[in-house]
Every structure is written in structure tokens, then in C-alpha cells.
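Going down the list, the sequences are from chains A and B. Numbered by our numbering, the letters in the first sequence go through residues 1 to 290 in order. Numbered by our numbering, the letters in the second sequence go through residues 1 to 360 in order.
Since the hints were derived computationally from the structure, they do not count as laboratory data. This structure is a prediction, so every number in the text was calculated from the model and none was measured. Just so you know, not all the hints are guaranteed correct.
[Claimed, not checked] Straight-line distance between alpha carbons at most 25 Å, and here's what the computed DSS-like set of lysine-lysine pairs gives:
(1) Lys117/B to Lys136/B
(2) Lys26/B to Lys204/A
(3) Lys7/B to Lys26/B
(4) Lys7/B to Lys136/B
(5) Lys136/B to Lys206/A
(6) Lys26/B to Lys176/B
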Amino acid sequence: MDKTQNNRAWFLVLPVLVLVAFSAVIPLMTVVNYSVNDTFGNNEFFWAGLDWFDEAVHSDRIHGALVRQAMFSAIILAIEVPLGIFVALNMPKKGFWSSFCLVVMALPLLIPFNVVGTIWQIFGRGDIGLLGHTLAAIGIDYNYTSDPFDAWATVVVMDVWHWTSLVALLAYAGLQSIPQAYYQAARIDQASRWAVFRYIELPKMKGVLLIAVLLRFMDSFMIYTEPFVVTGGGPGNSTTFLSIDLVKMAVGQFDLGPAAAFSIMYFLVILLVSWVFYTVMTNLDRQEAK
Amino acid sequence: MAQITLKNLAHSYLPNPRGEQDYALKEMDHVWQDGGAYALLGSSGCGKTTLLNIISGLLRPSHGRVFFGDRDVTDAATAERNIAQVFQFPVVYDTMTVRDNLAFPLRNRGQDAAYIKRRVDQIAQMIGMEAMLSRKAQGLTADAKQKISLGRGMVREDVNAILFDEPLTVIDPHMKWELRTQLKQLHREFGHTMIYVTHDQTEALTFADKVVVMYDGRVVQLGTPEELFETPAHTFVGYFIGSPGMNFIDAKVAGNRATLASGSVVDLGADHGTPSGRVQIGIRPEHAVLTAGEGLPVAIRRVEDVGRHRILRAELEGQAFNIVQPEGLQVPGEPRVTFAPGKVSVYADDWRVAPQGRAV
């Protein structure tokens, strides 16, 4: 077939370009604009160069939020990934109960973030919350508004409750794609349960698990709504993660310059870490193929 | 190693089978002799794989018992039965090297390292993969993966039987010959009982001493390749073995005469009594001779030259009829066909009627 070369075809992409520019690029550029200027309102800008970036890089407050954020992501990944795999392994493979489990597990994923936050905010209260009340009744001193550990535990458990399903569903899809012959061959070869997991199930799930880890990392690294609703970042700063801090800075204190610099770096960090994740995992794949 | 006996065996995938049609395997009694090389031949969906999985214990039969020697293993787990099985599509452990793949069944059974190494090297040589032993199995071609599967099936020396479930489907034609020859050689060397499932008659006939033909969940014939060719016990065997398959023509049979619909008479050469039901006579295309003078008139529809002989697609009594004609012979102007004496079989309701006064 002869290919027709006609550069006017580029005009067909124009609507998309305009739309993306309008909805993404231009707003992002205003953020860039704020990040290199100082403003006192009235649309008056004073050139600030890289001062805000410099300030953000050396800010103890942002360092603290970053450390808390990294800890939070690490903890929930360490819990949700193994737990999700475990749940997927124990789900029924077919029949009514398989569909039932799928529906039930999809439910938390459908609940809006602020509703999840509110559910747990009330659930954990000592006076009217079932969890808080029960814990108090059996003599555990639990109060997520005053104890940093309790606040962390609540936020982590809430995230596990909300998102483990996603990992489990992805892992389940990976498991379902394994042909029966593999399990049969393993029985013929007298492989142990662990060997079946290690050499058949885990390798076949690797692709979807990579996606799961990436999604959970990005989402948890940007988490805002749920902890904001439950703890508001407190007690003190103990559950103030990056985006909570960012909102405080931008909307609470109206420090638009530093906040803009902060958010650009925030975006780059997520991009960078996701890229590293992806490259490392796919490279592992390629090495194994050799 | 042991003789494998199937006693009153039947299997249905339904919890409450009502009639015969609900059974994937109809009730059967069968003995697989220790050290035999069997081929299990039949079209897709006839129950071959079901039967194989019952023998290896991957499937528990809904009816009947399975014995290894004198031991009832019906409820024994696969691992206990010490059976090797190779599947239709390659199963390899992707993250392991080829060497680890081959060693896996031995390691799981706690063999010592020196023995495993020796044995793996031996098998690798047999399947021609010595050069790839330290490679990861992932990313190999389907051919190579299936060779690994075969190797894993053969690596244990003490197995009761090796079951092959259409193992050469994904392998290149020239490699097929080689591997089949190696399997055959392996059988001669170690004397394992081997059951080889296939729907390819060439594969079955070249591999096995005894061929078991299955049709619709039933074993219809067990015999040597020659027996299957000369005296098919069921019209399916006649049709399935041979290329093209046996010709069948409706007829009325009385004594040693078969009368066709047009009134023509065929001499059967032996007394077949008076079978009832749907009666057909069967004749191999190789045993039909085209003549110019005597015999039944046929109409030739098409001639296929396949090199060493020609296949004539003809019509006899209004039914399709194939004739294999040796090289160099001509098709006469008004062709007629005669049947080689003693080569005509009689079938009543698809089952062969043995001529009286002569063994089958």
C-alpha cells in the first residue's frame, strides 16, 4: 500500500492540543509562574528566581512531611501487597462465591475518598464510634486525635481497608490466567505448596503486581482526603503528609510562591520514583529472560 | 513399575449422571501391561485426556477403581503414584534455569545432588539441550520449552508409567520424528510403561506396540497397528485409521453374500450369518481394485495424485467411495471396482461382525 504523505493531517490533532493546553499545560505554567515570582495580590509579580525552590529544599517542615510520606507509602505497600496476594490466593476460583467475593471486594474501591475518611473518623471516635467505643470498653487507651501512634494506626488501617482490594483483584486476575496444566504439572513433579507459589504463581503474577505496586505507590504518595478528614494532619504535625502540608501552605497561609515551587518538585519526585520503579522491575524481567 | 488395571472404570463430570450420554468415559475394564508402549488414539473430545488424568490421579474417577499392581490407588494422590506426565502445551517453570527445571522433580523427592547432576546431564543430552542448561527457561521457543517438559517427564527413572498427552503438537515436524524415535529408544532402554495420547494416527502407529482406539468415551479396539488396519473392530477405527479411511456401504448380509441397494451382490468369502440392525460392509481403499471388465460400476469424481499412489474419489451406489490405485495404472473408460478376496468386513450397528468358523 502506498502511504500518502500529507502534513496537513497534523491539523487534525489540533483540537486535542488546544484542549490539553487549556486544561493542563497552561494551568501548569501558571504554577511555574508563581514558583519563580513573589506576589502580593493585584496580579503584581516580583521576580524571585529560584528562591522558593531553595527555600523548599532546605525547609525542615517539608523534610518532615517527606519523611512521614515515605514512611506511610512504605508501610501501606508492605502491608497491602502481601495481604492482597494472600487474599487472592484464598479466593474461590469459580462459581457463585467467586463472583460474590469479587463484588464485595470491589465495594471499598467504589466509596468516595471523603466518605471513607468520614466513616473512619466516626468509626474511631470513643463516644459514638463502634471501634473507638469497643477498644475503650476492653481497656485499650485509643484516641486518634491526641496520640500520634493511634492516629498513624488509624490512617494506615483505613488505607489498607480501602485499597487492599485493588491489589487482591489484580493478583486474582493474574492467578486466573495461569493454565490448569501448570498446577497439574506441579502435582506430577511433587512440588510443595511453597514451590507452587514461588515458581508458578508469583512469576505469573509479576506483571500485575508491578502495576499494583505502581498504582498504590503513586496514590499513597499523593494521599490527601482521607487523612485530612480523619486527623486533619494531627495531632500536631504527626500525620501531615506532603499534600496536606502543600494545601496548608497554599490555601491556609496563601504562600503561593513557595507552594508552587513545592508542588513542582512534588510532581517531579513522583514521576522520578515511578520511573525508577518501572525501569528496575522491567529490567529484572529482561535479565531473567537471558 | 507395575501393571495398571482399570476396573469398571467410568467417569462423569456431572454430579448426578442420568444416562450414558452424561459420561465422559463409559464403563470400561482395561489392563495396561507393565512395560508396554501404548498409543491412545481418538478424535478430540473422546475422553483420552480424562482417562490419562485418572491414571495419573489428577482426576478421581466417579466410578470404578484403579490398580497399580495389586494396590488400589483410586484415592491415592498424584505424588504417591509416582507417575510422570507430559502435557499438550509446554509447562516450564519460567524463573528457573533449564537445569533447575529438569532437576525439579528429583529435588522435590530429595535425591542427592551428584545423582541429580548426572541424571540431568543425561536427559539434557537426550533432548539436545546441553548448551542451554544454564539459561532461564523464560523466553525459549515453544519447541524448546516442550523439550524441557518432555525431559522433566523422563528424568525420574523409577516411575510407574510415563503418560504423554499429545506432547508433540507444538513441535516442528522434523523434530517430531527425532523426539518420537528418542522416546521409542528410551522405552527400549528402560522399559517404562508408556501411554501416548494422540489424534495423529502416524504418531500412534509409529510409537506404539499396542494401539488403543477410543471413540465417544469408550475403548473400541486394542490391537497392533496391523490389526487395526486389517480388521477394524468398529467403523470408527476403520474410518480413523488409514488415509483415506475405510469405505462403508449399506448392505444386506446373509451367509457369505452381501446385497447392495442396487441389487448387486458382493462375495464376502466367509459366512457372516444374518446380522441385524444397520448393516454395512467395509472395504479399505487399498483393497479395492479398479478394473475395466468385471465388478461394480463406479463413477470417478476426482483423482488426487499423492506421489507413490493415486487416490480416486469415486461414487459407488450413490455413496462416496475411495480407491487407492498404485502408480502407473490407468483409469479405464467404464470403470468398475472389485474387492480383494477376504478383505471385506461386515459391520452391524458400527461393530464388526466376525466371520463364522474363523477367529477375528
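Hint consistency between Lys7/B and Lys26/B [alpha-carbon to alpha-carbon, up to 25 Å]: holds, 12 Å
Hinted pair Lys117/B and Lys136/B, Cα distance within 25 Å: holds, 17 Å
Hint consistency between Lys7/B and Lys136/B [alpha-carbon to alpha-carbon, up to 25 Å]: violated, 43 Å
Pair hint Lys26/B and Lys204/A, alpha-carbon separation not exceeding 25 Å: violated, 37 Å
Agreement of Lys136/B and Lys206/A with the hint, judged by alpha carbon distance not exceeding 25 Å: holds, 16 Å
25 Å Cα cutoff - pair Lys26/B, Lys176/B: Judged against 25 Å, a Cα distance of about 32 Å means the pair is violated.
Figure legend: structure checked against the earlier numbered hints; hints not met, in rising order: 2, 4 and 6.
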